[in-house]
Structure formats: structure tokens, C-alpha cells
Amino acid sequence: MADLSVTAGAMTGPRGQKPKRALSPTNIMLYGTLIVIAVYYLIPLYVMVVTSLKGMPEIRMGNIFSPPMEITFQPWVKAWSEACTGINCDGLSRGFMNSVYITVPSVIISIAIASVNGYALANWKFKGSEAFFTILILGAFIPFQVMIYPIAILLGSVGLFGSLTGLVLVHTIFGMPILTLLFRNYFSSMPEELFKAARVDGAGFWSIYFRIMLPMSMPIFVVAVILQVTGIWNDFLFGVIYSSNELYPMTVQLNNIVNSVQGVKEYNVNMAATLLTGLVPLIIYFISGKLFVRGIAAGAVKG
Amino acid sequence: MVNSIEVKDLTLTFGSVSVLKNMNLHVQEGEFIVLLGPSGCGKSTLLNCLAGLLDISDGQIFIKGKNVTWSEPSERGIGMVFQSYALYPQMTVRGNLSFGLKNAKVPQPEIDKRIARAAEILQIQPLLDRKPAALSGGQRQRVAIGRALVRDVDVFLFDEPLSNLDAKLRSELRVEIKRLHNQLGNTMVYVTHDQIEALTLADRIAVMKGGVIQQLAEPLEIYNRPSNLFVAGFIGSPSMNFLKGRTLDNGRAFQFGSTRIDLAGYEGGAVLERDDAILGVRPEHITVSTTPLAGPSLAAEVEIDENLGADSLLWLKAEGTTMSVRVPVEGRLPPGTKVHLGLDIPKASIFDAKSEQRI
Numbered sequence: 005m006a007d008l009s010v011t012a013g014a015m016t017g018p019r020g021q022k023p024k025r026a027l028s029p030t031n032i033m034l035y036g037t038l039i040v041i042a043v044y045y046l047i048p049l050y051v052m053v054v055t056s057l058k059g060m061p062e063i064r065m066g067n068i069f070s071p072p073m074e075i076t077f078q079p080w081v082k083a084w085s086e087a088c089t090g091i092n093c094d095g096l097s098r099g100f101m102n103s104v105y106i107t108v109p110s111v112i113i114s115i116a117i118a119s120v121n122g123y124a125l126a127n128w129k130f131k132g133s134e135a136f137f138t139i140l141i142l143g144a145f146i147p148f149q150v151m152i153y154p155i156a157i158l159l160g161s162v163g164l165f166g167s168l169t170g171l172v173l174v175h176t177i178f179g180m181p182i183l184t185l186l187f188r189n190y191f192s193s194m195p196e197e198l199f200k201a202a203r204v205d206g207a208g209f210w211s212i213y214f215r216i217m218l219p220m221s222m223p224i225f226v227v228a229v230i231l232q233v234t235g236i237w238n239d240f241l242f243g244v245i246y247s248s249n250e251l252y253p254m255t256v257q258l259n260n261i262v263n264s265v266q267g268v269k270e271y272n273v274n275m276a277a278t279l280l281t282g283l284v285p286l287i288i289y290f291i292s293g294k295l296f297v298r299g300i301a302a303g304a305v306k307g
Numbered sequence: 364m365v366n367s368i369e370v371k372d373l374t375l376t377f378g379s380v381s382v383l384k385n386m387n388l389h390v391q392e393g394e395f396i397v398l399l400g401p402s403g404c405g406k407s408t409l410l411n412c413l414a415g416l417l418d419i420s421d422g423q424i425f426i427k428g429k430n431v432t433w434s435e436p437s438e439r440g441i442g443m444v445f446q447s448y449a450l451y452p453q454m455t456v457r458g459n460l461s462f463g464l465k466n467a468k469v470p471q472p473e474i475d476k477r478i479a480r481a482a483e484i485l486q487i488q489p490l491l492d493r494k495p496a497a498l499s500g501g502q503r504q505r506v507a508i509g510r511a512l513v514r515d516v517d518v519f520l521f522d523e524p525l526s527n528l529d530a531k532l533r534s535e536l537r538v539e540i541k542r543l544h545n546q547l548g549n550t551m552v553y554v555t556h557d558q559i560e561a562l563t564l565a566d567r568i569a570v571m572k573g574g575v576i577q578q579l580a581e582p583l584e585i586y587n588r589p590s591n592l593f594v595a596g597f598i599g600s601p602s603m604n605f606l607k608g609r610t611l612d613n614g615r616a617f618q619f620g621s622t623r624i625d626l627a628g629y630e631g632g633a634v635l636e637r638d639d640a641i642l643g644v645r646p647e648h649i650t651v652s653t654t655p656l657a658g659p660s661l662a663a664e665v666e667i668d669e670n671l672g673a674d675s676l677l678w679l680k681a682e683g684t685t686m687s688v689r690v691p692v693e694g695r696l697p698p699g700t701k702v703h704l705g706l707d708i709p710k711a712s713i714f715d716a717k718s719e720q721r722i
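Sequences listed follow chains A and B, in order.
Counting in our numbering, the first sequence runs from 5 upward without gaps.
Counting in our numbering, the second sequence runs from 364 upward without gaps.
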């Protein structure tokens with residue numbers, strides 16, 4: 005009897021892959037929320053792009069959402085090479101180069117030092133290394149504002165105040181806690197036996213770092229680069245305090261263009277200048293984001 | 364014979380925890396020693412100390428008569444094979460094998476010669492230009508063994524090398540390691556928690572617990588004459604049957620519940636009369652009969668019958684104690700059957716319940 009009913013159920017009941025409904029309540033909720041959030045984030049960007057492509061007469065008509073009737077790239081040209089800050093009228097281009105001179109060495113030096121720090125703290129534990137690490141991490145939680153004045157005095161006393169070198173030094177030091185934490189945790193998660201095997205094979209501190217650890221840690225280096233490039237490129241506070249008029253980074257110059265009080269407010273130029281300033285971190289993110297995913301995938305197959 | 368490895372009064376403490384306690388160990392040249400024990404017994408720690416990967420707190424370590432207590436791992440004349448293979452993922456097999464030799468500044472022709480020899484012995488010639496990611500688990504472990512092999516050292520250290528492999532590969536590589544040992548004649552120290560590996564590979568087994576070597580002896584000695592209750596219970600699957608009781612008649616008999624077991628033929632020390640004693644009999648040293656037996660025996664009732672394929676395990680209850688007996692497949696009995704168990708006293712062990720030592 006029982007056997008029969010089971011057989012009957014098996015003949016008529018569900019069979020094979022369970023059907024999936026595209027418009028299930030879960031999907032509607034999920035995609036609905038995602039779309040709302042995406043729109044919320046994209047509208048300001050849309051307004052900026054559209055406004056930067058309009059002429060001033062069109063902007064004065066007041067409809068910020070309407071697409072440009074006549075596309076003009078003049079505001080972009082002006083923002084890059086003609087906009088005035090104080091007496092200089094060469095636009096953002098000067099600030100762009102300053103930002104490059106600040107960001108490139110800061111990123112390279114801070115990552116180079118922090119990765120060795122992290123490697124040493126993860127694999128070559130010494131007496132007091134944990135205490136040292138704790139103190140370093142504490143640094144990540146101290147508000148920058150507290151340290152601004154002491155650093156200004158320090159830089160002044162070694163003659164680096166208002167120079168690019170000084171600013172690079174400040175960025176390198178301030179990146180240290182979080183980057184060290186990042187690298188230490190990554191190196192700690194690598195199999196310890198690999199490190200042991202290398203030691204049995206007679207490799208020393210630097211040999212293990214360069215030959216074993218470095219080739220295996222591309223993903224974390226990419227993460228560090230993204231973190232540092234965005235952080236340092238977007239920095240305003242240190243740039244405005246520790247550099248001088250000629251050496252202002254792009255962000256400071258952007259502020260000066262947008263906030264200049266003389267003449268008419270050129271919204272289209274301001275928008276174009278802002279987009280230009282944000283372009284570098286965006287590009288870095290798109291390029292290295294891809295590398296980042298590839299790095300993770302490569303790690304996954306190693307098994 | 365020369366001592367290949369000599370450990371003198373080795374102590375290792377982490378903070379207030381002592382992991383290895385005043386350990387002494389002599390390994391002869393060409394000997395295959397297995398360190399066996401449950402997790403946390405200190406067996407891998409001891410191996411890491413021998414390799415120089417852990418700084419010891421006290422004592423000395425000699426390898427080939429040389430005091431290596433303070434030497435770097437690479438200077439100790441050891442090769443090591445790890446559980447997770449620990450191959451360098453970005454290097455080819457050839458790169459993995461040559462890494463240590465290049466660090467030691469061995470000339471290139473010599474490197475090529477040694478790699479060729481190791482590849483031939485381990486049959487990994489076709490794999491030399493592949494990356495570890497393109498190898499199977501067994502191949503990876505072969506390469507890892509090769510990395511120890513090319514170092515041309517006297518002592519091989521194995522840290523649970525087969526634990527990550529599936530059962531079939533494990534038994535294949537086990538045989539291969541044994542063959543390698545016969546072929547090369549190196550001293551090998553092998554850490555495992557698998558007693559089959561220990562019993563099959565070892566010249567001598569060191570059973571460890573709590574940072575102390577409980578017994579160091581040949582496999583059969585450990586199996587037949589475990590020195591204490593822990594070793595007796597740890598070696599053998601299923602575990603030895605322990606019957607709690609007392610000895611009578613100046614050690615001539617054992618009182619287990621209401622049963623009196625004659626101890627004639629016991630191959631141990633003077634049993635004497637003890638109020639707290641344990642009689643240990645392995646499942647394979649018990650015979651089952653449905654009719655009363657002449658020798659030392661015990662009435663029991665079958666509870667469960669487990670079929671293992673090659674033979675069968677009967678779980679029985681005797682005097683309130685659960686016992687297991689290994690029987691041939693044709694000797695299987697249904698649950699509830701009343702039987703008599705014949706005990707092979709010459710192969711049994713008697714322990715003092717307080718000191719847990721074999722008598």
C-alpha cells in the first residue's frame with residue numbers, strides 16, 4: 005500500500021530542476037532596492053556631467069536635469085588650463101602635476117615600508133613585536149587634527165615645511181598604521197609552512213620577502229595602491245596646510261577655483277573641474293579593480 | 364653505531380605552558396623513527412625543534428655528532444616535508460627543487476645533476492616544468508619530498524606528510540616512503556597521528572602524550588607490550604579491552620566482577636596481589652565460542668555485530684563492561700546470543716590502575 009502511493013507520487017509529483025520565477029517577491033524587493041540605490045548615487049553624477057557640457061546661458065534657464073541642447077567642451081578646457089586662482093590663470097593643470105608629484109612617491113614609499121613592516125610583524129615575531137603592533141594600530145585611531153600643529157612645527161624645524169618632500173613624508177607616515185595592519189594580516193593568513201620551508205631552504209629575511217612572499221601577494225598590493233592613491237589624491241587638509249601656494253595639490257586648487265569670489269559663478273567650469281579632479285582615483289580603481297579580481301581568482305585555484 | 368640525532372634534556376616552554384618536558388631521544392643512523400600521538404602531544408613541536416624552526420628553552424640537540432642547538436635550519440643538514448606540501452606556488456617544480464640549492468650557492472651543473480636524480484627516484488621528470496597548481500595532491504607531495512631529497516642531507520623530517528591525501532593515495536605514498544628509506548638509508552623522523560602509518564613505517568615508534576615520550580620501542584613491542592595504559596589504548600583499532608578488577612592468589616588469577624580468570628602464562632613482571640588492576644586484552648586476542656571453554660574465559664552477550672568486509676567486529680557486554688572482539692566473517696553472531704570469550708593471556712597486558720603502568 006505504502007509502496008504504491010510513493011510510486012504514484014513519483015509519477016505525478018515534481019521532477020527535475022526546480023523552476024525559478026523571475027518576478028518573485030524576493031527578486032522584486034532585491035532589484036527594486038538595488039535600482040533605487042543606484043539611481044540615488046548616479047543622479048548627482050548625471051547632473052555634474054550634464055552641467056559641465058552646457059553653456060552658461062543654458063544653465064541660467066534653471067533646469068538642471070535636462071540634457072544639454074548644445075554640447076560644448078569649453079568649460080572642460082577652461083577648467084584645465086584657463087581658470088583663475090588668485091593671480092595664476094592656468095587652471096587645474098598645475099595642481100594636477102603637483103598632485104602627481106605628491107601621490108606617486110607617497111604611494112610607493114608608504115607601501116614599500118608598510119609591506120616590509122607587515123611581513124616582519126607576521127613572520128619574524130620578536131620580543132615586543134605585538135606591543136609595537138598595538139601602538140602602531142593605535143595611531144590609526146588618533147584624529148589627524150590633534151597632530152596638525154606638532155607636525156607643522158616638526159616640519160618647520162627640519163626645513164621641510166611648505167615643500168613637496170615634507171608633504172610626501174606626512175602622507176607616508178599617516179598611511180603607515182592602516183597599511184601595516186593590512187599587510188600583516190595578509191601575510192599572517194599565508195600558510196606558515198611555506199615560510200618554514202623557505203627557512204629550511206636557507207632563505208633569509210629579504211630573500212623570503214622578495215622571492216616567496218612578494219610574488220604571492222599581488223592582490224594585497226593592489227588593494228594598498230587603491231587605498232593610498234584615492235586617499236592621498238583626495239587629501240585636502242594636509243595639502244592646504246603643509247604645502248605652499250605654488251605647490252598646492254589639485255584638490256586645493258579645485259577648492260580655490262570653485263570658491264573664488266570674483267566675477268560670475270561659472271557652474272559648468274566648476275563641474276568640469278570637479279570631474280577632472282575625481283578622474284584619477286576613478287581610473288586607478290577601474291584598472292586595478294580588474295587586476296584585483298584576477299589576483300583573487302588566481303589565489304583561489306592554488307587550492 | 365653512531366647516533367644520527369641526539370636530543371638531550373630538551374625543554375620547551377611557551378610562557379607558563381611547558382610543551383616539551385626534559386626530553387631525551389637517541390636516533391641511530393639510518394633509523395626510521397615515528398613520533399606518534401594525539402593532537403597537542405608535542406610531536407610536531409619536537410620536529411620543529413629538531414629542524415630549528417622553533418627556539419628551545421633548554422637542552423641540546425646534536426645531529427651527526429654536531430651540536431646544532433643554535434644553528435639555522437639550513438645549517439643543520441636536514442630536509443623537511445610538510446603536511447600542506449608548502450611548495451612555492453609561483454615557481455615551477457624545477458624552481459622549487461633548486462631554490463634551496465641556489466641559496467646554498469651550489470654550482471648549476473651540480474643542481475641539475477641532483478634534480479635529475481631526485482626526479483628519477485620520485486618519477487616526477489615529466490612534471491619539472493609545471494607549476495604546483497597544475498599538480499595533483501600526490502604529485503605535490505612527491506615534489507615536496509624531492510625538495511628534501513636534492514638537499515643531499517642525512518636526516519629527513521616528515522611532518523604529517525600524508526594527512527592531506529585521500530586514503531588510496533595515502534597508502535600508495537606510504538609504501539613509496541618506505542621504499543625511499545630502504546633505497547637511501549637516511550635517518551628519517553616522521554610525525555603522524557595515524558597508527559597504521561606508524562606501525563608500517565617505523566623501525567621504532569615514540570608514542571607521545573603531554574610533551575613526554577610515553578614509550579619508545581619497535582612497533583611490535585609497542586603493540587604487544589604497551590608500557591602504560593595510554594599507549595595500550597592509543598595503539599590498536601578498535602582499542603584494547605580494559606577489564607577493571609583485582610589480582611588474587613599472589614598474581615595467579617584475576618577477579619573480574621564475578622568471574623575468576625586464570626593468569627597462567629602471563630608474560631610480564633611479578634603481578635602480586637593488587638586491589639586495583641586492569642587486564643587489557645586486544646580484540647584480536649579473544650576467541651568467541653557458544654560452548655563453554657577450557658582455558659581462561661568469560662561469559663558475555665552479543666550486542667552489536669559490525670561487518671568490516673575482511674572480518675567482523677562483535678561488540679559484547681561482559682560483567683557490565685562493553686568489549687569488542689574481532690572475529691572472521693563466518694563467525695558473526697546475531698545480537699542477544701550468549702557466548703563464552705576465551706582470553707589469550709600470554710598476549711594480554713596487566714596494568715596497575717593507580718600508576719597506569721604495565722606490570
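Calculated directly from the structure, the hints in this document are not laboratory data.
Ideal placement from N, C-alpha and C gives every residue a C-beta, glycine not left out.
Do not rely on the hints blindly, as some may be mistaken.
Just some of the chain B residues that point at chain A, by a computed CB distance under 8 Å [claimed, not checked]:
hint	residue
1	L416
2	W433
3	S434
4	P436
5	G440
6	P698
Straight-line C-alpha distance at most 25 Å; calculated PhoX-like pairs for lysine-lysine [stated by the list, open to error]:
hint	chain 1	residue 1	chain 2	residue 2
7	B	K371	B	K429
8	B	K572	B	K531
9	B	K384	B	K680
10	B	K494	A	K294
11	B	K531	B	K468
12	B	K371	B	K427
13	B	K494	A	K129
14	B	K427	B	K494
15	A	K131	B	K384
Which chain B residues face chain A? A few, computed with CB under 7 Å, are given here [said to hold, decoys possible]:
hint	residue
16	A449
17	T455
18	Y586
19	S590
20	N591
Flag every earlier hint the structure violates by its number, smallest first.
Numbers 2, 3, 5, 6, 8, 9, 11, 13, 14, 17, 18, 19, 20, in rising order.
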